[in-house]
Amino acid sequence: MTLLEVTGLHAWYGESHILHGVDLFVEEGETICILGRNGMGKTTTLRTIMGILRKRTGAIRFAGKDMMDVPLHRTAREGLGFVPEERGIFATLSVEENLILPPVVAKGGMSVGEIYELFPNLRERRSSPGTKLSGGEQQMLAMARILRTGARCLLLDEPTEGLAPVIIQRIGEVLIELRDRGMTVVLVEQNFRFASKVADRFYLMDHGRMVADFPVEELPANMPMLNSVLGV
Amino acid sequence: MMTIFGIPTAALFGQLLVGLINGSFYALLSLGLAVIFGLLRVINFAHGAQYMAGAFAALLLLTQTGIGYWPALILAPLIVGLGGALIERTMLSRLYKLDPLYGLLFTFGLALTLEGTFRWFFGTSGQPYAPPAALTGAVNLGFMFLPVYRGWVVVASLAVCLGVWLLIEKTKLGAYLRAATENPVLVQSFGVNVPLLLTFTYGLGAALAGFAGVLAAPVYQVSPLMGSNLIIVVFAVVVVGGMGSILGAIVTGYLLGIAEGLTKVFYPEASNIVIFVIMAIVLILRPAGLFGKDA
Chain Z
1 MTLLEVTGLH
11 AWYGESHILH
21 GVDLFVEEGE
31 TICILGRNGM
41 GKTTTLRTIM
51 GILRKRTGAI
61 RFAGKDMMDV
71 PLHRTAREGL
81 GFVPEERGIF
91 ATLSVEENLI
101 LPPVVAKGGM
111 SVGEIYELFP
121 NLRERRSSPG
131 TKLSGGEQQM
141 LAMARILRTG
151 ARCLLLDEPT
161 EGLAPVIIQR
171 IGEVLIELRD
181 RGMTVVLVEQ
191 NFRFASKVAD
201 RFYLMDHGRM
211 VADFPVEELP
221 ANMPMLNSVL
231 GV
Chain G
1 MMTIFGIPTA
11 ALFGQLLVGL
21 INGSFYALLS
31 LGLAVIFGLL
41 RVINFAHGAQ
51 YMAGAFAALL
61 LLTQTGIGYW
71 PALILAPLIV
81 GLGGALIERT
91 MLSRLYKLDP
101 LYGLLFTFGL
111 ALTLEGTFRW
121 FFGTSGQPYA
131 PPAALTGAVN
141 LGFMFLPVYR
151 GWVVVASLAV
161 CLGVWLLIEK
171 TKLGAYLRAA
181 TENPVLVQSF
191 GVNVPLLLTF
201 TYGLGAALAG
211 FAGVLAAPVY
221 QVSPLMGSNL
231 IIVVFAVVVV
241 GGMGSILGAI
251 VTGYLLGIAE
261 GLTKVFYPEA
271 SNIVIFVIMA
281 IVLILRPAGL
291 FGKDA
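Residue numbers (UniProt numbering), protein chains in the order written: chain Z, 1 to 232; chain G, 1 to 295.
Watch out, some of these pointers could steer you wrong.
What the hints assert, rightly or not - Quick list of simulated restraints, FRET-style, between CB atoms:
1) T117(G) <-> T7(Z): 50 to 56 Å
2) L166(G) <-> T57(Z): 43 to 49 Å
3) P120(Z) <-> L82(G): 46 to 52 Å
4) E15(Z) <-> Q64(G): 53 to 59 Å
5) Y102(G) <-> M68(Z): 25 to 31 Å
The set of hints was computed from the structure by calculation and includes no laboratory data. Quick caveat, the model's predicted, so the values are computed rather than measured. Built from N, CA and C at the ideal position, the CB exists for glycine as well.
Using the sequences plus the hints, can you model the full thing?
Take a look at the structure:
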């Protein structure tokens, strides 16, 4: 079943037109990864699907429901969870307060105990202020707090940015575990090697639209094209 | 007669008590301002008018319907808080997208409108409001006589300040408030109705002002201008404490009240300006305020 269905999506930041007709389909339980250079609209795509960016046209359907008129504070209740690039850990809240902040929107989310098993570091530091954690721990916390809510689809923006290889590997393990649990993930990522280990399918984004779409098996065949678009 | 530094102890403690009473009102009012500013980023110039409205609500409840002090202590803040929530929802909330100056101008206009309306109906002369029978009289503390009502003001304000602090620091609702202060968009994307939270917060701030107004009614006279006399000092308290700092607003409120009281004893000529002198010094040494986070 197609869980997330985006067609002809346009979006604007003020006067600047960022998305120029994005088409994106995500099957339930699938992990897809959006590749692309900086400034091509990857983050904007996630923010627009989530409904944070409201100046938008086109169609977004999630679990069959039209999301265009759903206000931002209702989007999460439909089952979409957003982990921003800057992680958004709150300094005035403890680690545990950060973790239990997002309201539970559906059954099937992890309990706090399960989350602490998956991320033992967070348990040890649960009473420290959220921003006293290391960058890697903050990323874990940002993901963990959405896992608790029972969201069906995780919109994950550059989770590995600025992190050490050992932490990146840990995040990869968590994503694979989430996939095994049936979670749907839309990942924006610059780290190619990381993405090729966790994603089922790739979208390539250029100048505000999707220019290619292929499963992970076809990654080697697409490398020359990727290299020329990504300029690596 | 006992003296300390050549000052009769009775005068010293008397002024300390006056300072503590004033400090109680400063703390309650600056707490409300800090709560509102922290989340809404609006400098609520209507705060003094809402304090006045709380006092008038108590007075009118008594004279029009015979409802006494104790129910008024709950009802008047509720009335002022609901009024504040209504104003936030219908008017103030439209200004968040604009320059913060618009919020300031709007609440300033609201203050003038409220004060003008009450002046139209009640004139400028103050009207007395008798303290409840249970809180009349005074007790002899040995070193001074303590009017019971004034002691009650200090206790009630401390209790409410502590309650609001606990609400913000220890509850789930408080966690939403703190998080939304940092990043409202993200909190809303989690599924929290942030616009409603803003309405609640403005209502809470207004209710705190209304509560201070009821407490003040038996101490000062109930008059349309009682708020504008006080609000300038309260803004100074908020600045000294650190804009938006909850704890800063409470602690600074009491401290500056006491500082003002002590100045009345030792150098009465300076008592009207001491708070502003302290504000100037604090702004020079710590521009973010005593409890503010340096930007």
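Hint check:
no. : hint                           : verdict
1   : T117(G) <-> T7(Z): 50 to 56 Å  : 55 Å, holds
2   : L166(G) <-> T57(Z): 43 to 49 Å : 46 Å, holds
3   : P120(Z) <-> L82(G): 46 to 52 Å : 48 Å, holds
4   : E15(Z) <-> Q64(G): 53 to 59 Å  : 55 Å, holds
5   : Y102(G) <-> M68(Z): 25 to 31 Å : 30 Å, holds
Checked against the numbered hints given earlier, this structure breaks none of them.
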